[in-house]
Every structure is written in structure tokens, then in C-alpha cells.
Amino acid sequence: MKTQSIKTKRLQPLQKISSGISGLDEITGGGLPKGRPTLVCGNAGCGKTLMAMEFLVRGAVEHNEPGVFMSFEENEEELTGNVASLGFDLKALSAQKKIVLDHVRIERSEIQETGEYDLEGLFIRLNHAIDSIGAKRVVLDTIEGLFAALPNHSILRSELRRLFRWLKDKGVSAIITAERGDGLLTRHGLDEYVADCVILLDHRVNEQLSTRRLRVVKYRGSVHGTNEYPFLISKDGFSVLPVTSMGLDHPASSERISSGVNRLDTMLGGKGFFRGSSILVSGTAGTGKSSIAAAFVDAAARRGERSLYFAFEESQNQILRNMNSISLNLEPWVKKGLLQFHASRPSLYGLEMHLLTIYDAVKKFKPRVVVMDPVTNLISVGTEIEVRSMLTRLIDFFKTEQVTALFPSLTTGDSSQSEVAISSLMDVWILLRNIESAGERNRGLYILKSRGMEHSNQIREVLLSNNGIGLVDVYAGPATVLTGSARIEQAGREKADVDRRKAQIAVLKAGLEAKIDELNQEINDENLLDQVNAKSRFNLAANRQADVEPKLKSNGHHRIEEFVK
Amino acid sequence: MSKPLPEEKKIGSKPPNHEAWELRLYVAGQTAKSVTAFANLKRICEQYILGKYKIEVVDLLKNPTLAKGDQILAVPTLVRKLPVPIRKILGDLSDTERVLVGLDLRHLAEQIA
Chain A
23 MKTQSIKTKR
33 LQPLQKISSG
43 ISGLDEITGG
53 GLPKGRPTLV
63 CGNAGCGKTL
73 MAMEFLVRGA
83 VEHNEPGVFM
93 SFEENEEELT
103 GNVASLGFDL
113 KALSAQKKIV
123 LDHVRIERSE
133 IQETGEYDLE
143 GLFIRLNHAI
153 DSIGAKRVVL
163 DTIEGLFAAL
173 PNHSILRSEL
183 RRLFRWLKDK
193 GVSAIITAER
203 GDGLLTRHGL
213 DEYVADCVIL
223 LDHRVNEQLS
233 TRRLRVVKYR
243 GSVHGTNEYP
253 FLISKDGFSV
263 LPVTSMGLDH
273 PASSERISSG
283 VNRLDTMLGG
293 KGFFRGSSIL
303 VSGTAGTGKS
313 SIAAAFVDAA
323 ARRGERSLYF
333 AFEESQNQIL
343 RNMNSISLNL
353 EPWVKKGLLQ
363 FHASRPSLYG
373 LEMHLLTIYD
383 AVKKFKPRVV
393 VMDPVTNLIS
403 VGTEIEVRSM
413 LTRLIDFFKT
423 EQVTALFPSL
433 TTGDSSQSEV
443 AISSLMDVWI
453 LLRNIESAGE
463 RNRGLYILKS
473 RGMEHSNQIR
483 EVLLSNNGIG
493 LVDVYAGPAT
503 VLTGSARIEQ
513 AGREKADVDR
523 RKAQIAVLKA
533 GLEAKIDELN
543 QEINDENLLD
553 QVNAKSRFNL
563 AANRQADVEP
573 KLKSNGHHRI
583 EEFVK
Chain B
6 MSKPLPEEKK
16 IGSKPPNHEA
26 WELRLYVAGQ
36 TAKSVTAFAN
46 LKRICEQYIL
56 GKYKIEVVDL
66 LKNPTLAKGD
76 QILAVPTLVR
86 KLPVPIRKIL
96 GDLSDTERVL
106 VGLDLRHLAE
116 QIA
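Going down the list, the sequences are from chains A and B. What the first sequence shows, in the numbering used here, is residues 23 to 587, in sequence order. What the second sequence shows, in the numbering used here, is residues 6 to 118, in sequence order.
In isolation and in its complexed conformation, chain A is listed as follows:
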């Protein structure tokens, strides 16, 4: 009998319940262990209570699993108030008997210990709360509060051990929160007792920016993601963002859309970008990245598509004014609701918050085109690895939504090397660079890569003027490539050459004509002489009474006749 029961137990995998927290179920492969306690530990203010509360509320609302929240810190009103901002109405849930809030208040000053005791009172109280609504989930937040209230820790420890055992026997899925200790997971070593699943929350401030992270330290009987995952507490609650949550199975459209610059479209196989592709426009300061982005947005609006412009450097008004100077009037599009700006300093909040704001904005506005100007400003918020992982998720997200995204990217110095990190994520890479020569600076543009289409390998010169953005061919002579005034000068020089040639030809032509005239004159003179000779021959023949009339030469015959008369 016994061996059989062991066998069936082994075959049955660990049952899990949805934590209700987006992303966490994916990391843990289905959620928290069912009918077992989970320890959530972390420093003050890292979101333990909120995570526990969301676990409970989502369980009650979405999975029909009523829950008991036993709080050792905050009272019922405070808890209700704290989570009201997340849209959880604890009062209504309590009235519907889906949630029981129980505040355990212990005043150290009121308490005197004499002799032996146990925590049966707490057990009875919890048991009663669980049974009153048939709870399936329990939260104890933060049970370590008891260590401050009850001086006899040896009793407390043995009673807590009994409590966790009891929770298991009761079959409720529980979250127990604990403060993090110095170099330990929990201050009072609770992780010794609650060993089934331990989740560590962390709140770090790096370069004055805070990032929250979650890690599953331990999950008995289950595989789980072992990395640190960033998480967010936003107005929609707690969400963990696993990098792997999105696969590489987004659709690939073969539709082409214009870049807004005619010659650029020509360079891109004559038709522009693929819809849903991601485009990196990199260049040093002042090479015209934002202008290209604005032209792209303008073209989208002309097609009647919505676009979203995330500006990390300039305000909306500044962009509108600046783009006016190259006759890109974006203001009407804003008024028509085809263009929306989201201007914020990157340092306003952490990367994850940025990601979430972008998600939110895209989900709400449903744009077809997104610009993030400049994407490199986000790097100041996190390390390169973090930024890369964030961009990966962002690009995956855009592709899934079939949004064409353009990322102006500021580079320093020789740009083609410094952006290896993000360029591999991009489908099209347009490089803008300053070409310095002959005492002036000009903008050059070329396409470094463009996946899946034929594209020009030529360098074009970008002209930003009040006629808009123009791309012109650079002068590619036999010895050199010239841009700007050097190019214009070269063109001028060539024109002068042509003019001089023309003048020479004119002179030669004049000379030639003069020669022709001269020759004609000579011919005339010759004719005249001929005629004179003929006439004298004629006269001579007449004088000699010749029987044959002498023949006159055909040339000048008429004139001779005339002359005779």
C-alpha cells in the first residue's frame, strides 16, 4: 500500500496556482505552489505587501479563490486605502465574502510575559477567518512583526514552524512576507521554515534611478527562471517583465512605406521601408537625424496613419518649431490627432517604467509609426546590457503590433563601431555622418544595411533647407569625392571649362567662315579671270572666222553671256 502511494505521489507533478501577477507565472512555469506557503522577502518599500495583495485579489476575482489577508503592520483602512489606487475595492470584496482583512495589532508596552504560552490564539483566529469564507489563499504580512512584540523568541520560532506546517495541512496557498536581513534572506531566518518557494524582491538605486527586481531564489519541485527580472508597480498593479516573454514569431509584412524623403525611397529599392521594420538612423550631433524622423512621421500622416513620437531631448513645441524651418509643418497633424508627442527626460524614471509607458501609449493610441528620438538617451538610464534587453523587448513588441519604428541614435566619433550592441536588432541602418573637407562640414548619408531589399551603396549628401530635406549625389570624380561648396565649385569649374571650349569653338568657327569667304573670293577671282580669257578667246575666234564656236566653261557661263551682251 505504502509503496503504491509513494509512486503515485512521484508521478503527480507539483500543482501550481496562478499568482495573478503578470509575468510571474511565466517565470515560475505556471505560478506559485498550490496548497503550500511561499516566502516573499525584501527590504522595506520593495512591494511585498502589494504583491501579496495582488495575489489575493486576483485569486478572489479571477480564479474564484477567496482569501484571507492577515496584516501585522497596517490596519484594514490603511490597506484598503493603499490598494484603492490600483483599482482594488477591498470593501466591496469583503462585503462579497471574497476577502477577509484581519489586522493583528500587538502593543509591546501592553504585554507582560509570565511562564509558558503558545500561539494557539493566532491559529484559532486564522482558522476562523479561513473557514468563514472558505478561503483558498492566505497572506501573512509581515509575520516578523511578532518578533518585536513577543520577547520569547524560542517559543515564537517553534510556533511559527507549527504555523507553516498547519497552513500546509490546511491546504491553503499562502504568501508570507518577511523583511530582508543583513546578508540573509530574512531578518529572523524564516526561510528555514518556509522552504517551498522563496521569492526575493529588490529595490536598487543606481545612479539616482531606482529599479525593482524580482528573483525566484528557490522553488522546490519545479524548474523556474533563475535570473533577476525587473518588475514594475504601476497603476495597473504589479508586473514582472521576463525578457523571454515574447517569442520571435511576429509577422513579416511585405508592404512598403515611404520614408518621406523621395531620394531615400529610391535608395531603398525605390519603395521605402518594410512595414513593421525597425530602422536605426545613427549619426553624430547635428547630422539631421531628427529631421529624417520628422519627414517619416509627416509621410505617415499624409497617408492618414497615426504616429507616436517619443522625444527624450526636445519638447513638442520645440520640435514643431524646428521642423517648420525645413518646411515640415507637423502642427496640423497634431491637431488632427494623427500625431502624438510624448516628451520626457529619460532620467525621469527607470528603464522599466519607460518600457511600460511606451507599451501603454502604443496600446492606447495604436500608431502605425513610432519614433524614439534619440534612443541612445535611454542608455544614460541603465547599463548597455539593460538597455539592450529593454530594446529587444520593445522591438519585439513593435513587430508584434506591426508598428514601424524609427530610432534616431546619437553617436560619438566614428559611429559604425559604437553601436554594434543595438544595430543587430535593427532591420535598416541608415548612417548619417559629417564630411569635413575644404574648411566646411557637410552631411552625408548612406545605407549601411537594409534587410530583405535591394539598396543603394552610394553616399548621398543631405541638404537641409527651407525647401525640406533633399538628397543630392555627391561629386564622384576620377580622383575624389566632393560635397558642399567643393562640389558646387567643382560643378562651376566644369561649367567654366565648357564655356571656354564653346568660346574657342566660336573663334574657330569664325576663322573657318572667314577662310570660306576668302576661298569664295578666290574662286570668284578665278572665274573672272576665266571669263576674261574666254572672252578674249571668243573675240580671237571671231576675228579668225572660225568654223567652230569656241565652248565656254560651264562655271561662269551665265555671267560670261551677260558680260558679252
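It should be emphasised that the hints constitute simulated quantities derived from the structure, not laboratory data. Take the hints with a grain of salt, since some may be wrong.
Derived lysine-lysine pairs resembling DSS-like cross-links, with alpha carbons at most 25 Å apart [said to hold, decoys possible]:
hint: 1; chain 1: B; residue 1: 59; chain 2: B; residue 2: 73
hint: 2; chain 1: A; residue 1: 192; chain 2: A; residue 2: 240
hint: 3; chain 1: B; residue 1: 86; chain 2: B; residue 2: 67
hint: 4; chain 1: A; residue 1: 537; chain 2: A; residue 2: 524
hint: 5; chain 1: A; residue 1: 357; chain 2: A; residue 2: 386
hint: 6; chain 1: A; residue 1: 190; chain 2: A; residue 2: 240
hint: 7; chain 1: A; residue 1: 192; chain 2: A; residue 2: 56
hint: 8; chain 1: A; residue 1: 257; chain 2: A; residue 2: 386
hint: 9; chain 1: B; residue 1: 73; chain 2: A; residue 2: 120
hint: 10; chain 1: B; residue 1: 73; chain 2: A; residue 2: 190
hint: 11; chain 1: A; residue 1: 240; chain 2: A; residue 2: 56
hint: 12; chain 1: A; residue 1: 386; chain 2: A; residue 2: 358
hint: 13; chain 1: B; residue 1: 73; chain 2: A; residue 2: 192
hint: 14; chain 1: A; residue 1: 113; chain 2: A; residue 2: 257
hint: 15; chain 1: A; residue 1: 119; chain 2: B; residue 2: 67
hint: 16; chain 1: B; residue 1: 73; chain 2: A; residue 2: 119
hint: 17; chain 1: A; residue 1: 119; chain 2: A; residue 2: 38
hint: 18; chain 1: B; residue 1: 67; chain 2: A; residue 2: 192
hint: 19; chain 1: B; residue 1: 59; chain 2: B; residue 2: 86
hint: 20; chain 1: A; residue 1: 38; chain 2: A; residue 2: 192
hint: 21; chain 1: B; residue 1: 67; chain 2: A; residue 2: 190
hint: 22; chain 1: A; residue 1: 56; chain 2: A; residue 2: 190
hint: 23; chain 1: A; residue 1: 517; chain 2: A; residue 2: 531
hint: 24; chain 1: A; residue 1: 113; chain 2: B; residue 2: 73
For chain A, the structure is supplied; the task is to place chain B on it using the hints.
Only chain B this time, still in chain A's reference frame:
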């Protein structure tokens, strides 16, 4: 900062000599601890506040909802409802000295001694 001093003095010099003592003992079933606690309590009351006290025993197993009202976690817990302020004494009350401190009966004990 000078205010607490006279108050403290007052409490020290004029100990409470109340007529009505309302005590409540919370237990969970008839365990050895609860029986000891009740016996100890009875003994102390008889000795110091004879005729002025009232003891109410609450069995949480029978009335689980009552645990919430007085914030009872541990059993046995003795709650001094009157005189105010409320005091809680955890354990089986075997340490008489501590019980006297907890109930604020030290001065009576000294008088008798």
C-alpha cells in the same frame, strides 16, 4: 520636557486603589497551561484584591470570533479590562512577581509585606 516629571511622581506617590477589577482569561480548551493559569490567577486575586475582582474565562475554541476583539494571539492571555489602561499578560502566570507587575499590584504586595 519638564511636564512628564510631576506626572510620573503623581503615579508613583498615589497608587491606584480601585474597587472593581475586571479580568478576562483567554484559553484554548482545557489544557494543562490553561488550568495552571487559572489556578495561579485565582490565588493572586484572593491574596491581593479579595472581593474586588471578577474573572471571566473565554475559551477561544468555543468562541473563535472573540480573539479579534482583544487582539489575542497567545494563549493563555490574561487581559486586565478594568482598571484602565488595558494590560495583557501572556503565559500560565507562574511567575507571581511578573503577574503583579503586569497587573500593577506591586504596591499592594509591598504593603502586605
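Checked hints:
At roughly 22 Å between alpha-carbon atoms, residue 59/B and residue 73/B fall within 25 Å of each other, so this suggested pair holds. Distance check on the hinted pair: residue 192/A and residue 240/A sit about 22 Å apart at the alpha-carbon level, within 25 Å; holds. Of the pairs offered as hints, the one joining residue 86/B and residue 67/B holds, with about 21 Å between alpha carbons and a cut-off of 25 Å not exceeded. Pair hint residue 537/A plus residue 524/A holds up; C-alpha atoms about 20 Å apart against a cutoff of 25 Å.
Simply put, residue 357/A and residue 386/A have alpha-carbon atoms about 18 Å apart, close enough for the 25 Å limit, and the pair holds. Restraint check: the Cα-Cα separation between residue 190/A and residue 240/A comes to about 18 Å, which is no more than 25 Å; the hinted pair holds. Taking the CA atoms of residue 192/A and residue 56/A, the gap is about 12 Å. The hint holds against a cut of 25 Å. In summary, the hint linking residue 257/A to residue 386/A is supported, as the alpha carbons are separated by about 15 Å, within the 25 Å threshold.
Of the supplied pair hints, the one linking residue 73/B and residue 120/A holds, its CA atoms being roughly 19 Å apart against a limit of 25 Å. Restraint check for residue 73/B and residue 190/A: satisfied, since their Cα atoms lie roughly 23 Å apart, inside the 25 Å limit. Between residue 240/A and residue 56/A, the direct Cα distance comes to roughly 15 Å. Compliance with the 25 Å bound is thereby established for this hinted pair. A threshold of 25 Å between alpha carbons decides the hint, and for residue 386/A with residue 358/A the separation of about 17 Å falls inside it, so the pair holds.
Proximity of residue 73/B to residue 192/A is assessed by CA-CA distance (about 21 Å); at most 25 Å being required, the pair is judged to hold. With a C-alpha separation of about 19 Å, the suggested pair residue 113/A and residue 257/A falls inside the 25 Å cut-off, and the hint holds. For the proposed pair residue 119/A and residue 67/B, the alpha carbon gap of about 22 Å is at most 25 Å, so the pair holds. Only pairs whose Cα atoms come within 25 Å are accepted, and residue 73/B paired with residue 119/A is accepted, the gap being roughly 18 Å.
Proximity of residue 119/A to residue 38/A is assessed by CA-CA distance (about 24 Å); at most 25 Å being required, the pair is judged to hold. Distance restraint check for residue 67/B and residue 192/A: the Cα-Cα separation of roughly 20 Å lies within the 25 Å cut-off, and the hinted pair is therefore satisfied. Between the alpha carbons of residue 59/B and residue 86/B the distance comes to roughly 10 Å, so the proposed pair stays at or under 25 Å and holds. Under the criterion of a C-alpha separation no larger than 25 Å, the hint pairing residue 38/A with residue 192/A is consistent with the structure, at around 16 Å.
At roughly 24 Å between alpha-carbon atoms, residue 67/B and residue 190/A fall within 25 Å of each other, so this suggested pair holds. This hinted pair checks out: residue 56/A and residue 190/A have alpha carbons roughly 10 Å apart, not beyond 25 Å. Restraint check: the Cα-Cα separation between residue 517/A and residue 531/A comes to about 21 Å, which is no more than 25 Å; the hinted pair holds. A C-alpha spacing of about 19 Å is found between residue 113/A and residue 73/B, which places the hinted pair at or below 25 Å, so the restraint holds.
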